[in-house]
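Undergrad: In case you want the letters, here they are:
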Amino acid sequence: MSQLHRALFISRKDIRSYYGKPPLITWALLFPAVLMLAIYVRNPENYLNSAPGIIAMTLLFGNTSMAAIVLTFEKRTGTLQRLLLAPVSSGTIILGKSLSAMLYGIATSLVLTLGLMLLLGMRLASPAPFILGLLLGGGIFSLLGLTAAALVREVFEAMTLMNFIRFPILFISGVFVPIESLPAWLKPIAFISPMTYVVELLRLGASGNSYFASPLIPALISLAFLAAAWKLTVFAFRRQAGQ
Amino acid sequence: MKTEHNLAAISVRGLRKNYKGVPALDGVTFDVKRGELLAYLGPNGAGKTTTINILSGLLPRDSGDLAVCGVDVAKAPVRVKQLIGVVPEESNLYPELTSRGNLLYVGELYGLPRAKRALIADQILDQFCLSDKSNMPFRTLSRGMKRRLTIAAALVHSPEVLFLDEPTAGLDVQSARQLRAHVRNINQRGTTVLLTTHNLLEASELCTRILILIKGRIVAEGSASEIAERLDKAKRLAVKLSGDVDEAQLREHCPSVMGARLEGDTFILDVIDTHSAIAEVVSFSEKRSLQIVHIRSATPSLEDTFVKILEEHDAGDGGPR
Ligand SMILES: Nc1ncnc2c1ncn2[C@@H]1O[C@H](COP(=O)(O)OP(=O)(O)OP(=O)(O)O)[C@@H](O)[C@H]1O
Ligand SMILES: [Mg+2]
Numbered sequence: 000m001s002q003l004h005r006a007l008f009i010s011r012k013d014i015r016s017y018y019g020k021p022p023l024i025t026w027a028l029l030f031p032a033v034l035m036l037a038i039y040v041r042n043p044e045n046y047l048n049s050a051p052g053i054i055a056m057t058l059l060f061g062n063t064s065m066a067a068i069v070l071t072f073e074k075r076t077g078t079l080q081r082l083l084l085a086p087v088s089s090g091t092i093i094l095g096k097s098l099s100a101m102l103y104g105i106a107t108s109l110v111l112t113l114g115l116m117l118l119l120g121m122r123l124a125s126p127a128p129f130i131l132g133l134l135l136g137g138g139i140f141s142l143l144g145l146t147a148a149a150l151v152r153e154v155f156e157a158m159t160l161m162n163f164i165r166f167p168i169l170f171i172s173g174v175f176v177p178i179e180s181l182p183a184w185l186k187p188i189a190f191i192s193p194m195t196y197v198v199e200l201l202r203l204g205a206s207g208n209s210y211f212a213s214p215l216i217p218a219l220i221s222l223a224f225l226a227a228a229w230k231l232t233v234f235a236f237r238r239q240a241g242q
Numbered sequence: 000m001k002t003e004h005n006l007a008a009i010s011v012r013g014l015r016k017n018y019k020g021v022p023a024l025d026g027v028t029f030d031v032k033r034g035e036l037l038a039y040l041g042p043n044g045a046g047k048t049t050t051i052n053i054l055s056g057l058l059p060r061d062s063g064d065l066a067v068c069g070v071d072v073a074k075a076p077v078r079v080k081q082l083i084g085v086v087p088e089e090s091n092l093y094p095e096l097t098s099r100g101n102l103l104y105v106g107e108l109y110g111l112p113r114a115k116r117a118l119i120a121d122q123i124l125d126q127f128c129l130s131d132k133s134n135m136p137f138r139t140l141s142r143g144m145k146r147r148l149t150i151a152a153a154l155v156h157s158p159e160v161l162f163l164d165e166p167t168a169g170l171d172v173q174s175a176r177q178l179r180a181h182v183r184n185i186n187q188r189g190t191t192v193l194l195t196t197h198n199l200l201e202a203s204e205l206c207t208r209i210l211i212l213i214k215g216r217i218v219a220e221g222s223a224s225e226i227a228e229r230l231d232k233a234k235r236l237a238v239k240l241s242g243d244v245d246e247a248q249l250r251e252h253c254p255s256v257m258g259a260r261l262e263g264d265t266f267i268l269d270v271i272d273t274h275s276a277i278a279e280v281v282s283f284s285e286k287r288s289l290q291i292v293h294i295r296s297a298t299p300s301l302e303d304t305f306v307k308i309l310e311e312h313d314a315g316d317g318g319p320r
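Protein sequence lines correspond, in order, to chains A and B. Going by numbering that gives the first Met the number 0, 110 is the number at position 111 of the first sequence; the sequence numbering is gapless. Going by numbering that gives the first Met the number 0, 207 is the number at position 208 of the second sequence; the sequence numbering is gapless.
Bound conformation, chain A alone (with noise of 0.2 angstroms):
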């Protein structure tokens, strides 16, 4: 049997596992959809300018919590071991866990989505680049939060440590204001985040106004994001289990 088939076995336990409480599902969602609220009551005529970014807000904080979760709760109980002791390469255990993350963080997304859609009225003028921007962020968040469980042991050093990267990286990617609006010192930091270029996927998808005029161009830097994730969290992995 393929590794790819034990990476979707691994992802199916877990999500049998810890999603189906129905606290962390609730919690994901509460924030963003007060926050979006506010926004809406204090201004129902642009409340579209933030809802992408409050999406990929919601999409940055699940996928990074909930692979910080799967990998340093087995590492505190020992159960982690039984991965590194079965025949799977590690590419293979961090792919699992990151799917089974990936596929949390773009659950609650689109809830909130299809929410603010039904409630509120949002539209998707195009939903690939929307799907795309999600299904992009969604593994390179995870990744990260993969990434930092395995540098720590504790689910709280986990959060402390992702908690660093999260606040920053959402002050400045444009996920609040629009990059065109960003101060002039800000925006060239702007570009080096990987979450600039989801909100932008989400913001073409969502009203269709973007820095970018086309898809192309923060899809593939988002996939180069993927890739260096990918080899970050194989790095660290590796690093954590030769230890």
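Note that these hints are calculated values from the structure, not bench results. Note that beta-carbon positions come from the ideal geometry of N, C-alpha and C, so glycine has one too. Be aware that a few hints might be false.
[What the hints assert, rightly or not] In silico lysine to aspartate or glutamate, EDC-like type, Cα no more than 20 angstroms apart, as pairs: (1) B:234 <-> B:246; (2) B:145 <-> B:165; (3) A:74 <-> B:89; (4) B:132 <-> B:121; (5) A:74 <-> B:88; (6) A:74 <-> B:95; (7) B:234 <-> B:272; (8) B:32 <-> B:71; (9) B:145 <-> B:89.
[As the list claims (entries may be wrong)] Taking CB as the label site, the calculated pair distances span: (10) A:237 <-> B:183: 34 to 44 angstroms; (11) A:109 <-> B:34: 47 to 57 angstroms; (12) B:118 <-> A:4: 17 to 27 angstroms; (13) B:171 <-> A:114: 53 to 63 angstroms; (14) B:118 <-> A:238: 34 to 44 angstroms; (15) A:170 <-> B:59: 33 to 43 angstroms.
[Unchecked claim] Some residues of chain B that are not near chain A, with every Cβ distance over 10 angstroms (derived): (16) 220; (17) 243; (18) 260; (19) 289.
Guided by the hints, dock chain B with the ligands onto chain A, whose structure is given.
TA: Chain B with the ligands in isolation, oriented as in the chain A frame:
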């Protein structure tokens, strides 16, 4: 899955491992033959778990050559993992999955076809008398059941070689006995077993050959009776006598006493044979009109014996045969 039969099940050559410069394994060499049930005996911290972790690909080695069924552990770790089953020191199945769920998941990870997974899970639950617990989450099982299920999980993919790291640690006498029966059974069905323990009785009861590991070195090797013979030489008596007497006099008048030292007001005697030593001490004290306040056997703990063997080894008259 059969590999060439003339190859040893496990072959370890000059294995070394340091933890931050402190040696845990200091040139370990041994073979385990196919179908053998070998005890890897040693006190706490000897390096037993380290050896198993390296053999099972969890830990990198510093130097040395390792092969399982002829497959190099360093070069083809995934292939080796398919050949071995490992029962770690701590029972570490998924607490949230049921007994059956755990076995099914292991079957998935080891690439068993779907129909076979269910069949084998039920078979193994039955074999380990856990059928009535098949739908209970692992975390709700008793310690002994957890241990059994962890062993069961290591057998799902019918490994050629099974590593058992202190399988009976923390079990009551009866559960430990049952578990040893399971282990014997597994071995009789053709699985090579490497079992670590610090329990000499367990090793001699279960295994045909014993390796003694101390401070990362193999210091003795042989059948249970050969090892027991060596340990027999290391009997000890604690004697408290009233009146004036010193170690030298005791040694002089009691030929069975090889060594004597005073611990507080009690003499600790290393003796060749307990019975004759007691008789000698009794007649010695009668002659000298001494009172025997107490006399009891103080046969050294396994750890003392290990240390003794280690000292012999350092002096150059012991060591692996
Ligand atoms: N991760 C680690 N970091 C540093 N030192 C370690 C580590 N693991 C083991 N050691 C050291 O290596 C030596 C061998 O340990 P190991 O766990 O292999 O012993 P053991 O024979 O399994 O003992 P026990 O019977 O207590 O399980 C010990 O001195 C131990 O302190
Ligand atoms: Mg140990």
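Undergrad: Each hint needs a verdict: does it hold in this structure or not?
TA: Taking the hints in turn, this is what the structure says about them:
1. Simply put, residue 234 of chain B and residue 246 of chain B have alpha-carbon atoms about 17 angstroms apart, close enough for the 20 angstroms limit, and the pair holds.
2. A C-alpha spacing of about 14 angstroms is found between residue 145 of chain B and residue 165 of chain B, which places the hinted pair at or below 20 angstroms, so the restraint holds.
3. Proximity of residue 74 of chain A to residue 89 of chain B is assessed by CA-CA distance (about 13 angstroms); at most 20 angstroms being required, the pair is judged to hold.
4. Straight-line distance between C-alpha atoms of residue 132 of chain B and residue 121 of chain B comes to about 11 angstroms, which keeps the hinted pair within the 20 angstroms bound.
5. The hinted pair formed by residue 74 of chain A and residue 88 of chain B meets the criterion: a straight-line CA distance of about 15 angstroms does not exceed 20 angstroms.
6. For the hint linking residue 74 of chain A to residue 95 of chain B, the alpha-carbon distance of about 15 angstroms falls within 20 angstroms, and the restraint holds.
7. Distance hint between residue 234 of chain B and residue 272 of chain B is fulfilled; the C-alpha atoms sit about 7 angstroms from each other, no more than 20 angstroms.
8. Of the supplied pair hints, the one linking residue 32 of chain B and residue 71 of chain B holds, its CA atoms being roughly 16 angstroms apart against a limit of 20 angstroms.
9. For the suggested pair residue 145 of chain B and residue 89 of chain B, the alpha carbons sit about 10 angstroms apart, so the restraint of at most 20 angstroms is met.
10. The beta-carbon spacing between residue 237 of chain A and residue 183 of chain B, approximately 38 angstroms, falls within the hinted interval of 34 to 44 angstroms.
11. Checked against the hint of 47 to 57 angstroms, the C-beta distance between residue 109 of chain A and residue 34 of chain B comes to roughly 56 angstroms, which is consistent with it.
12. One distance hint, 17 to 27 angstroms for the beta-carbon pair residue 118 of chain B and residue 4 of chain A, holds here, with the actual separation near 19 angstroms.
13. The hint said 53 to 63 angstroms for the Cβ distance between residue 171 of chain B and residue 114 of chain A, and at roughly 56 angstroms that hint holds.
14. Take residue 118 of chain B and residue 238 of chain A: their Cβ atoms lie about 39 angstroms apart, and the range 34 to 44 angstroms holds.
15. Checking the proposed 33 to 43 angstroms range against residue 170 of chain A and residue 59 of chain B shows it holds: the Cβ atoms sit about 40 angstroms from each other.
16. Every Cβ of chain A is farther than 10 angstroms from the Cβ of residue 220 of chain B; the closest lies at roughly 27 angstroms, confirming the non-interface assignment.
17. Every C-beta of chain A lies more than 10 angstroms from that of residue 243 of chain B, the closest at about 59 angstroms, which supports listing it as non-interface.
18. Residue-level check passed: residue 260 of chain B sits 44 angstroms from the nearest beta carbon of chain A, beyond 10 angstroms.
19. No Cβ of chain A approaches the Cβ of residue 289 of chain B within 10 angstroms, the least distance being about 57 angstroms, so the stated non-interface status holds.
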